[in-house]
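Novice: Here is what each chain is made of, one letter per residue.
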Amino acid sequence: MDSSKRSDSLPVLVVGAGVCGLTAALDLARLGIPVHLIEREGHIGGQVMRLDKLYPSDHCAFCPVWTDGAACLAHPLITVHRRTSLDSLDPEPDRIAAVLKVQPPAIDPEACIFCGLCRAVCEENGAPGTITMQPVGLPWDPAAPPVPVIDSALCSRCRECSAVCPTGAVRPDWLDLSPTTLRLAVADVIFATGFVEMDHSPLVEYSPGSHPDVFTAIDFEAWTAEAGPNAGLIRRRSNGAQARSVAFIQCVGARDQRFLPYCSAVCCMHALKQARWVKRRLPEASIAVFFTDLRSVGKGYEGYARAAAEEGVLLVRSRPGMVFSLPEQNGGSTVAVRYEDMRSAEVITAEFDLVVLGGGLALCPLPGASVLDAKRSEICGFCREPVDVSQAVVQGSSAAAIIAARLIGRKGGRQ
Amino acid sequence: MTGSYSSSQSLTRERPVRAILFACRWCALLGADRAGRERLDLPASFRLIPVECAAGIEPDLVLRAFADGIDGVAVLGCHLGGCRYNEANRSARLRLFMVRDLLDIIGLDAGRLLLSWGTAHEGFQFVAQVRRFLHKLEALPVVDPDLLQQREKSYGR
Amino acid sequence: MSGVSLAILCTCRDTLKGTLHWRTIEQEIKARRPMTHVGYLPSLCLYEDLDRVKSLVEQERPRALLIGACSPFAKGRAVLDKLMTVCEASISVTLVDLREGCAWIHTGDPRGASAKAADIVCMGLAELEHRQSVRLERSAPEQRVLVVGAGPAGLAASEILARLGLEVVLAERLERPGGLLNQIGKLFPQNVSSEEFLGSLLKGIDHPATTFLPQTTVSRIDGDPGKFIAHLSRSGDEESLTVGAVILACGALPVFPEGLFRFRALAGVISQMELETKLKKLEADRTSPLEITSAVFIQCVAARDEVRPYCSTICCPTALKNALRLKTLKPDLVVTILHRGIMAPGKALEELYRHAMASGVFFHLYDPAEPPEVAGRERAESVSLIDALSGRRFVFTADLVVLSTPLKPRPGVAGLARDLGMRLDPMGFACGREPMQPLAAPVPGVYLCGAVRWPVPVHEAVDQGRAAAVKAAVFLNGGNTDRKAPGAGKAMVLSEACGGCGWCIAVCPYGACRRAEDGTSVISPLRCQGCGLCAAVCPSGAARLPERSSAALRAMVREIAQRSLP
Numbered sequence: 017m018d019s020s021k022r023s024d025s026l027p028v029l030v031v032g033a034g035v036c037g038l039t040a041a042l043d044l045a046r047l048g049i050p051v052h053l054i055e056r057e058g059h060i061g062g063q064v065m066r067l068d069k070l071y072p073s074d075h076c077a078f079c080p081v082w083t084d085g086a087a088c089l090a091h092p093l094i095t096v097h098r099r100t101s102l103d104s105l106d107p108e109p110d111r112i113a114a115v116l117k118v119q120p121p122a123i124d125p126e127a128c129i130f131c132g133l134c135r136a137v138c139e140e141n142g143a144p145g146t147i148t149m150q151p152v153g154l155p156w157d158p159a160a161p162p163v164p165v166i167d168s169a170l171c172s173r174c175r176e177c178s179a180v181c182p183t184g185a186v187r188p189d190w191l192d193l194s195p196t197t198l199r200l201a202v203a204d205v206i207f208a209t210g211f212v213e214m215d216h217s218p219l220v221e222y223s224p225g226s227h228p229d230v231f232t233a234i235d236f237e238a239w240t241a242e243a244g245p246n247a248g249l250i251r252r253r254s255n256g257a258q259a260r261s262v263a264f265i266q267c268v269g270a271r272d273q274r275f276l277p278y279c280s281a282v283c284c285m286h287a288l289k290q291a292r293w294v295k296r297r298l299p300e301a302s303i304a305v306f307f308t309d310l311r312s313v314g315k316g317y318e319g320y321a322r323a324a325a326e327e328g329v330l331l332v333r334s335r336p337g338m339v340f341s342l343p344e345q346n347g348g349s350t351v352a353v354r355y356e357d358m359r360s361a362e363v364i365t366a367e368f369d370l371v372v373l374g375g376g377l378a379l380c381p382l383p384g385a386s387v388l389d390a391k392r393s394e395i396c397g398f399c400r401e402p403v404d405v406s407q408a409v410v411q412g413s414s415a416a417a418i419i420a421a422r423l424i425g426r427k428g429g430r431q
Numbered sequence: 019m020t021g022s023y024s025s026s027q028s029l030t031r032e033r034p035v036r037a038i039l040f041a042c043r044w045c046a047l048l049g050a051d052r053a054g055r056e057r058l059d060l061p062a063s064f065r066l067i068p069v070e071c072a073a074g075i076e077p078d079l080v081l082r083a084f085a086d087g088i089d090g091v092a093v094l095g096c097h098l099g100g101c102r103y104n105e106a107n108r109s110a111r112l113r114l115f116m117v118r119d120l121l122d123i124i125g126l127d128a129g130r131l132l133l134s135w136g137t138a139h140e141g142f143q144f145v146a147q148v149r150r151f152l153h154k155l156e157a158l159p160v161v162d163p164d165l166l167q168q169r170e171k172s173y174g175r
Numbered sequence: 004m005s006g007v008s009l010a011i012l013c014t015c016r017d018t019l020k021g022t023l024h025w026r027t028i029e030q031e032i033k034a035r036r037p038m039t040h041v042g043y044l045p046s047l048c049l050y051e052d053l054d055r056v057k058s059l060v061e062q063e064r065p066r067a068l069l070i071g072a073c074s075p076f077a078k079g080r081a082v083l084d085k086l087m088t089v090c091e092a093s094i095s096v097t098l099v100d101l102r103e104g105c106a107w108i109h110t111g112d113p114r115g116a117s118a119k120a121a122d123i124v125c126m127g128l129a130e131l132e133h134r135q136s137v138r139l140e141r142s143a144p145e146q147r148v149l150v151v152g153a154g155p156a157g158l159a160a161s162e163i164l165a166r167l168g169l170e171v172v173l174a175e176r177l178e179r180p181g182g183l184l185n186q187i188g189k190l191f192p193q194n195v196s197s198e199e200f201l202g203s204l205l206k207g208i209d210h211p212a213t214t215f216l217p218q219t220t221v222s223r224i225d226g227d228p229g230k231f232i233a234h235l236s237r238s239g240d241e242e243s244l245t246v247g248a249v250i251l252a253c254g255a256l257p258v259f260p261e262g263l264f265r266f267r268a269l270a271g272v273i274s275q276m277e278l279e280t281k282l283k284k285l286e287a288d289r290t291s292p293l294e295i296t297s298a299v300f301i302q303c304v305a306a307r308d309e310v311r312p313y314c315s316t317i318c319c320p321t322a323l324k325n326a327l328r329l330k331t332l333k334p335d336l337v338v339t340i341l342h343r344g345i346m347a348p349g350k351a352l353e354e355l356y357r358h359a360m361a362s363g364v365f366f367h368l369y370d371p372a373e374p375p376e377v378a379g380r381e382r383a384e385s386v387s388l389i390d391a392l393s394g395r396r397f398v399f400t401a402d403l404v405v406l407s408t409p410l411k412p413r414p415g416v417a418g419l420a421r422d423l424g425m426r427l428d429p430m431g432f433a434c435g436r437e438p439m440q441p442l443a444a445p446v447p448g449v450y451l452c453g454a455v456r457w458p459v460p461v462h463e464a465v466d467q468g469r470a471a472a473v474k475a476a477v478f479l480n481g482g483n484t485d486r487k488a489p490g491a492g493k494a495m496v497l498s499e500a501c502g503g504c505g506w507c508i509a510v511c512p513y514g515a516c517r518r519a520e521d522g523t524s525v526i527s528p529l530r531c532q533g534c535g536l537c538a539a540v541c542p543s544g545a546a547r548l549p550e551r552s553s554a555a556l557r558a559m560v561r562e563i564a565q566r567s568l569p
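Protein chains in written order, with my numbering: chain A, 17 to 431; chain B, 19 to 175; chain C, 4 to 569.
If you are wondering where the hints come from, they were derived from the structure by calculation, not from laboratory data.
Note that the coordinates shown come from a computational prediction; the quantities given were computed from them, not determined experimentally.
What you were told as hints is all true, and nothing was included just to trick you.
Computed spacing ranges between beta-carbons, pair by pair: (1) C:T220 - A:V115: 51 to 57 Å; (2) A:V363 - C:D390: 15 to 21 Å; (3) C:F365 - A:P381: 35 to 41 Å; (4) C:S136 - A:P195: 47 to 53 Å; (5) A:V180 - C:V89: 29 to 35 Å; (6) C:K20 - A:S172: 25 to 31 Å; (7) C:K33 - A:V180: 30 to 36 Å.
Every beta carbon over 10 Å from chain B, so not counted as near; a handful from chain C, in silico: (8) T245; (9) S385; (10) S387; (11) G481.
Where is the CB? At the ideal position from N, CA and C, for every residue including glycine.
Use the sequences and the hints to build the structure in full.
Specialist: The structure is reproduced here in structure tokens:
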């Protein structure tokens with residue numbers, strides 16, 4: 017196959033550099049089609065990069081994604097734009113005009129030698145955590161060319177980091193830099209913007225944000241991650257003590273006509289994964305998963321759910337009505353979960369040290385997608401329909417296939 | 019064969035501990051890298067040799083390392099089921115278990131061969147494992163190549 | 004070329020000098036390896052010094068070039084890639100990590116760190132002395148793909164392959180394409196007509212470069228990536244076909260609920276597939292009415308049990324779809340679905356579920372320990388159930404009982420999978436490399452899509468077919484061009500030294516090692532991934548990785564054992 021036969025040398029714009037977008041970009045580029053891959057965050061790899069482990073293998077999430085992320089950064093036909101969002105799309109007869117907004121980074125990746133002096137001086141000045149060799153609050157991400165990240169909320173603007181930088185990569189004025197505009201002419205657009213965890217605050221019955229030991233699912237994963245703040249130990253956030261019990265509540269905000277009416281597909285398996293992890297670390301802990309329907313439909317997932325049950329994770333079919341604080345004898349408080357036992361119709365209040373609110377993964381918006389018709393854009397991954405990693409990756413490749421066939425191929429039919 | 023190797027040696031060290039770590043360039047090397055990035059600290063008594071896959075470590079290589087006077091050998095590979103080379107690490111693991119048994123037979127402490135599968139991919143894990151390993155080697159006598167050679171010769175009789 | 008080695012050490016803009024005492028390190032290196040020229044540069048990753056490297060290389064004309072820089076996970080790999088573009092291919096190049104792996108992890112011990120840095124450089128130089136390159140004869144892969152199975156996945160794959168300019172041979176066991184799609188009338192979630200859907204898929208294989216072979220089975224596939232040899236059986240004739248890549252799209256088989264819930268014992272107890280056929284007929288011919296008053300679906304029949312401990316993914320959406328179709332044909336029909344949890348994840352399926360509820364379909368949860376019971380004399384009359392949520396006993400009138408059964412792997416797949424180095428999961432379905440390459444087998448050039456991997460809805464099978472096609476096309480376009488780091492090459496067998504024990508053949512995870520006619524082993528470089536297992540088990544040293552042999556590793560170990568003591 018001769019890739020020089022492609023009919024259009026305009027690049028393809030891929031919006032979102034999560035697992036879906038990375039896959040689409042690589043498939044296109046490896047067929048000789050140039051790609052502009054844009055990502056709103058400072059790191060690539062999306063939500064999966066923020067996870068500690070993946071189901072059903074229980075292996076680290078970072079490794080497989082990193083390989084593809086690094087390949088994207090290294091590929092000559094892929095231009096990765098981080099901290100870049102799509103402002104508008106304007107379809108023209110033979111191209112699409114895309115306007116991108118680029119947030120300049122605090123540290124220029126082309127000039128940074130990753131020596132860490134900026135972080136060292138920042139910590140010496142008594143502001144630890146302002147500069148991290150990893151994005152704040154997220155697992156390590158060398159899928160981006162290693163560059164330290166400055167937390168703008170914590171930065172005191174002393175500019176010592178800039179003064180000590182041996183190559184001038186740290187911009188002294190970065191907090192005052194405004195976004196620049198980048199205009200591109202592209203042939204097609206692939207939307208792979210993924211999901212965000214919805215804000216649980218409207219669900220007052222679950223007391224979100226009011227108790228330090230009530231987490232969102234991804235928050236909990238970061239809290240208990242091997243590379244996380246507790247080095248894989250399962251501790252109470254309220255007092256640092258080892259947790260004795262954990263409750264996972266599913267469908268929080270999802271399958272709920274008030275908020276997200278649909279099922280987020282991945283949360284059941286995600287909860288089981290976390291539940292099994294906690295059980296491995298704390299065999300004596302009491303762990304319960306409160307679910308509506310346990311969606312274990314994918315390859316190997318049912319076996320995973322059975323293993324969880326066999327390991328002693330309690331699977332309770334119930335949708336708790338309330339989550340609230342229970343004061344403890346020695347000060348502090350645990351978390352109460354009030355639910356109905358289906359068989360006995362009895363309302364039970366169970367006490368837990370940690371409660372994880374799962375569910376409610378909102379599809380990310382597709383900026384500017386409405387102006388494009390189906391012939392010039394593809395929507396894939398979670399932003400189209402809640403899917404797991406393998407499905408998202410398949411959809412990314414499928415979108416790349418359709419676009420590549422459009423750009424390279426001849427039409428079907430006997431000639 | 020007279021007595022065990024370890025009992026015939028005094029425990030004062032004639033030289034510092036020398037250890038070799040074979041790290042597969044996927045999981046294990048990542049752990050080492052992270053440890054460095056986080057500026058964690060380890061004694062400088064080990065040398066790391068990256069390999070493509072732990073599967074490529076020959077038993078002969080390990081045994082000859084001891085014969086040359088290396089005090090400890092660690093093989094760090096990926097999780098079982100996580101090997102990039104289609105489960106090659108399982109095969110390696112079985113083979114290296116046998117090498118560990120062999121060490122017992124020739125009178126070397128089996129703890130001189132550390133096998134780690136996917137438990138050293140985080141910086142702190144890598145440091146904890148290596149530190150424990152080096153600490154253990156400090157408590158064992160120095161491997162004397164001459165003594166091993168003598169022992170090898172004595173097998174013929 | 005001189006006998007000199009060139010070691011270029013990056014000082015990381017002088018930030019490492021607190022821990023690494025460069026002069027001491029250089030002295031140690033020169034003491035052990037006098038034929039080494041050591042050069043320093045401030046920041047190799049910024050590439051400003053590339054010219055300087057070039058001129059150093061031109062000046063010294065070294066046999067080997069060692070770069071002492073940072074970790075390959077940091078900037079090291081990029082530096083190596085860049086530098087290899089300025090060096091001739093005849094110079095062996097290696098990268099060693101002096102920063103993350105040395106300076107940064109021993110900050111409190113400059114003496115120890117410096118001694119280690121010298122060791123690391125000497126080990127690298129020792130390795131380079133033993134490195135031999137393997138000349139791979141690259142022949143262009145056949146630009147032809149064999150797609151096994153013309154169900155929705157295979158058809159979708161074929162269309163993409165053809166449009167990307169590849170020749171496609173689509174082999175199908177039956178006489179017409181479509182697979183299970185031929186037995187289904189409507190597709191969930193949108194109730195699309197499967198005939199129309201199949202029609203659009205069939206248009207895709209109407210292409211000059213695509214050959215559809217009906218009544219053809221694939222008995223064996225050997226050969227190597229880029230040149231697989233597929234042995235086809237067509238109406239009794241055998242033929243061989245050389246293809247560059249293979250896509251398995253053989254699908255799966257519905258399980259028959261033999262002996263369960265009075266299937267075949269009572270009239271009116273049918274399988275979901277049989278209902279599909281019935282519904283197709285009824286929807287085509289609206290004149291003949293549906294002569295039942297109440298239908299009961301039983302989910303998870305012969306599934307999620309000890310024999311088949313898995314959820315077949317599509318049976319719940321299928322039941323929802325068919326319940327709604329029954330309701331459309333006869334609005335006053337009483338339809339009840341007895342389930343163990345409705346598996347309808349996502350947006351579209353949740354909407355389908357709610358639509359079914361709103362349309363008056365009843366749902367009851369049952370516990371596998373207390374399954375429903377079908378009663379009747381000659382035909383189905385009722386189904387009784389202990390509702391798992393309330394504990395109450397229900398008896399539903401039922402003159403139609405529909406049993407939802409799973410899909411199971413096709414028996415013929417195991418053999419083909421073995422030929423192609425694909426693994427099977429405990430259920431017998433074929434596996435890719437989860438999670439980022441779910442459709443790729445460990446052997447390059449081999450892909451799988453559709454129900455052969457796991458039961459999937461038709462639209463997902465189509466997505467997988469397209470995805471597998473694009474992966475195959477990438478492979479035939481030269482594969483992924485990410486170059487492996489030098490020293491990570493393929494294995495080979497020195498046949499003069501080979502004793503024919505066959506251990507390498509037994510351990511190779513890719514089936515790359517084979518027995519040649521003279522009994523010695525030979526390794527196919529196209530399948531070999533360079534893991535080194537063969538070299539590790541070879542008793543004679545005949546099997547080896549020339550670019551990073553055991554001899555090289557031995558030399559590196561000896562550098563440590565024999566170094567001068569501080």
